[in-house]
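For the protein sequence lines, the chains are H and G, in the order given.
The numbers in the working numbering rise by one with no breaks, and the one at position 579 of the first sequence is 579.
Add 1001 to the 1-based position in the second sequence for the working numbering, that's all there is to it.
None of these hints come from the bench; they were simulated from the model.
Here the structure is a predicted model, which means the values were calculated and not measured.
Mixed in with the good hints, there may be bad ones.
Listed next, the stretches of chain G that the computed footprint assigns to chain H, with coverage defined by at least 3 CB atoms under 8 angstroms from CB atoms of chain H [unchecked claim]:
1. 1035 to 1044
2. 1048 to 1056
3. 1061 to 1075
4. 1078 to 1091
C-beta atoms are modelled at their ideal positions from N, C-alpha and C, and glycine is treated no differently.
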Amino acid sequence: MNKNLRVKSSEYIDETNRISFKFNDRTYHGFKGDTLASALLANNVHLVGRSFKYHRPRGIMTSGSEEPNAIVQVNPGTNRTEPNVRATEVEIYEGLEASSQNCWPSVEFDIGGINNFLSPFFPAGFYYKTFMWPASFWEKYEFFIRHSAGLGKSPTSSDPDIYDHQNVHCDVLVVGAGISGILTAKNAAKNNFKTLLVDEKNELGGSTIFENNEFNKIDNKTPSEWLKQEIKELKDIKNLEIKTRTSVAAYHQYNYLLARENLTDHLEAKDKTNKIRQRLLKIRAKKVILATGALERPLIFNNNDRPGIMLSSAIKKYSEFYGVACGSKNIFFTNNDSAYESALSLYNKGINVEAIIDIREQSESKIVKKVKEVGIKVYWSHTIVDTAGYKRLNGISIMKLSNDGTSVTGSKISISCDCLGVAGGWTPAVHLYTQSGSKLKFDEEKQIFLPNQNTSEQISVGSCGGDFKIDEIIKNLNQKLKDNLNIKETDLDNIKVEIDQENSKRNIWLLPSDKPLGKTKPFVDYQNDATAKDIKLALREGFRSIEHVKRYTTTGMGTDQGKLGNMHALGIIADTAGVKMGELGTTTFRPPYTPLTFGTIVGRNVGKFFDIFRRTPMNDWHVENKAEFENVGQWKRAWYYPINGETMHQAVQRESKAARESAGILDASTLGKIDIQGSDASEFLNRVYTNAWSKLAIGKCRYGLMLNEDGMVYDDGVTTRLGENHYIMTTTTGGAANVLGKLEDYLQTEWPELDVYLTSVTDHYATASLCGPNSKKILKKIIPDLDLSDESFPHMSFKEANIGHIQCRIMRISFTGEHSYEINVQASYGKDLWEKCMKAGQEFNITPYGTETMHLLRAEKGFIIVGQDTDGTMTPIDLQMDWIVSKKKYDFIGKRSLYRSDTMREDRKQLVGLLTEDPNVVLEEGAQIVSELNQNPVEMLGHVTSSYFSPNLKKSIALAVVRGGKDMMGKKLFVPMENKNINVTVANPVFYDAKNERLNA
Amino acid sequence: MFLINCPYCGERDQQEFKAGGEAHIERPKQPTELSDDEWAEYLFMRKNIKGVQFERWNHTHGCRKWFNMVRDTSNDEIKAIYKMGEKPPSQ
Ligand SMILES: [Zn+2]
């Protein structure tokens, strides 16, 4: 098992740099330059995982990002662990650890493997059909499913790595650095286009870099030698930036692409620290040139999933690029010439090739003749009907294929082998192309989907555009570059290409076996264990749309999005349903092309940078005085100020009493403030508020209610007239930005004739709200020369003043019902103002209070909070605030809606007060209200919106919205809770000082 | 992610903008004259078509100006952008 299959040194592998790593707790060795896959194969390890549903042993199939099977957990048990990583993409480094996923307890002995023997009971849609019934069993099923279907494990501690985002702008973005991408980038950059070339691999050159078919020559060199020279020349080209290990994840409209640049994943742990691990490139390109190449297709035959069965091109890459023989007895199974290249490549390295099974009747190309010359046996018109070996392939059985390709004839031949290379032709990698919104067309002759209608400035070149032969690639690339980049001459004009590739191919989507389909396992989607049988079952059960078949059979729904088998799934559906592939369409490829880490997606926006937060100028004082904070929108607001270990309830009761008995102070800086100027400012306010504004005298304040056009309350606040054409509007804390946006909308789009200018000044002012019977005395101490008499400075009026040299605006307004002042100063003086108030208020036991006490005090007065007592379905009439709706004004935003039949219904939910029978019982906010207890089902009349224990009234109070509540004054209702029913009485929502006598106390 | 050519600022990323629904629905000058149905038509009914649609956009994280856009909702092609108050381009 542990033999070394390294056959010959490769220039991409540094054999002087030996690396040890662990896989499933066992130590192996590889070399610098190896991927986890190539290093495991060099150690003759093929079995790397178990399949999702049947838990069948699975091996490495490919050499790239399309890998469906070799999905591993990297560095398990550490905070850097990552699940669902393709072993074919992991570059090994000293100390790397990886383990198999999807197997329990181990990859060698997997309990779920029993599903394989039970598989007749696991057809398509099995999970849908079975686990949905009975519903109460779901929890039991879920345990079983979650335990046996390992999808890897998330790290359990926080990610130690740094991630970054970068905006990139370029003239030409070239995706893929194979031969087409390299030639494109070179010519674009040479013609002064700022060019970015990206490739997901760590080396440039794509598959041509190991293309050494002796019958193909570019300028008399093998394509491999020729391309290496081209790559060397890239270094000296200006305007060209090359990013390797960079995978384009998403291609959005308007040439906006997201790419992940991998910077440290290939480094040892000690070299990873304090470096950016992955960078998300947000690329906006004027032109995108896709050179994403093509993916080799497998063939679909019975038991085509055993470890040791690989793509033919992957076997070739492992041998040429990594110097690894994937097996010692190799067989190829093909429908085209590319397997012959792989076979010769192995032969030239001295690796044994037993035979080639070709489903074609013949091929006359030079390379086929050469294969025969060197003595490799070719079975024409044959197909594999079965394979053997559980954890590793050990043989195949072949039979002659009938002329129509639907059955097999003759006798069965068994051949032993330990590695099978499968070559089913090539599928252009059009995933990114379709992500951009561009449309594909099916080419019936080549049996591939090709780019057809581009929606943005883009072209597809090379094999992703349908050109597979080197001569075609260069000729068509040359023309496309000239047309698309508008250039006259290129390097490609004088290249001489000799070619011996024959495109002859026999396409059979599902190869027959001597057994009926029901007894075979021809896998179409390896990762999700969907077989051809499942697809046919779905069609029999009536599914027709390709998107439905996909979901029902889970074909193409793995982390690899079915990169290998999707075409076969379509082919089998088309064959079975008797329609053309072109008419069937294809499934949608969605971003990301390969999975992205969450770290890459969020970049630097983690921890305290996850979301923006705003602090008031007085914030430091609140922190120093041990305030608890609450989030209000993006603001951090002081919630309450506990002293001597008080609970929140105790603190709020104390603060509330103090504010009414002597003096309280609140940081109101977060209230939205909009400066309104212009000769039509009064008219504008008339249109946006429900009440009248024209007659408001300069220096006076007024409360306003703003509706949406549908008549529902949107925001409220006090607006002050500072001058003839100058107002300052306050909004709710959370509504500030939206109110400004809404007002701008009306000004710009409906009333552009109005001369009004709006400016947000929320951040420019700090506001301290001084309240309570002693507030006047405190203000007098701070500004001794200001006339605070009720005659000079009555409730709802405004004065400008100076505190020392600091200018301030003072509004005598109240949200608590107490005599209060709102003092506004330039933000930078906010903390200073606050400290002056605290000092002046000391003799009156001035008490700072937070948002919770503010809410309680206003609830005692029955003042609403928009967003708490309203929810976008409350009109001012519902709130019993008819007094604020002008009957005289011809129009204002939302007025007409107040006269719609629905808004005028008497039985709408209306705001009322609620008192509990037991004054010590405090209702839960959100609790439902009913009038009958013995009804079933019971009618919900409404719910509690605000609820507190009032220390000033010494009883529980609540606001609620109740259907028809306006006419229920004094009625007894119930609030049913889990363990008891609470008796309540509908009351006036103004619980405290109904005559407003305290405003002038 | 669109690239939107704000008529006041130039080409900017879609992140800076907010879509504001169907364009050219004028607020009735005399709402009180309208029947419930007529008012509801203005208030609630929007086309939301697949194909060429006239819509309002606001450069919220830029100049804060509103403008109009003609967009094909089936492929997100922006066919025209013009200022508020300007006549829509004929299709
Ligand atoms: Zn702008």
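Right, here's what the structure says about each hint:
1. 1035 to 1044: That given contact holds, which follows from 5 residues of the region 1035 to 1044 of chain G lying within Cβ reach (below 8 angstroms) of chain H.
2. 1048 to 1056: violated (count 0)
3. 1061 to 1075: With 4 residues close enough to chain H, the hint holds.
4. 1078 to 1091: It holds: at least three residues are needed, and the region 1078 to 1091 of chain G offers 3 whose Cβ sits within less than 8 angstroms of chain H.
The structure shown violates just one earlier hint, number 2.
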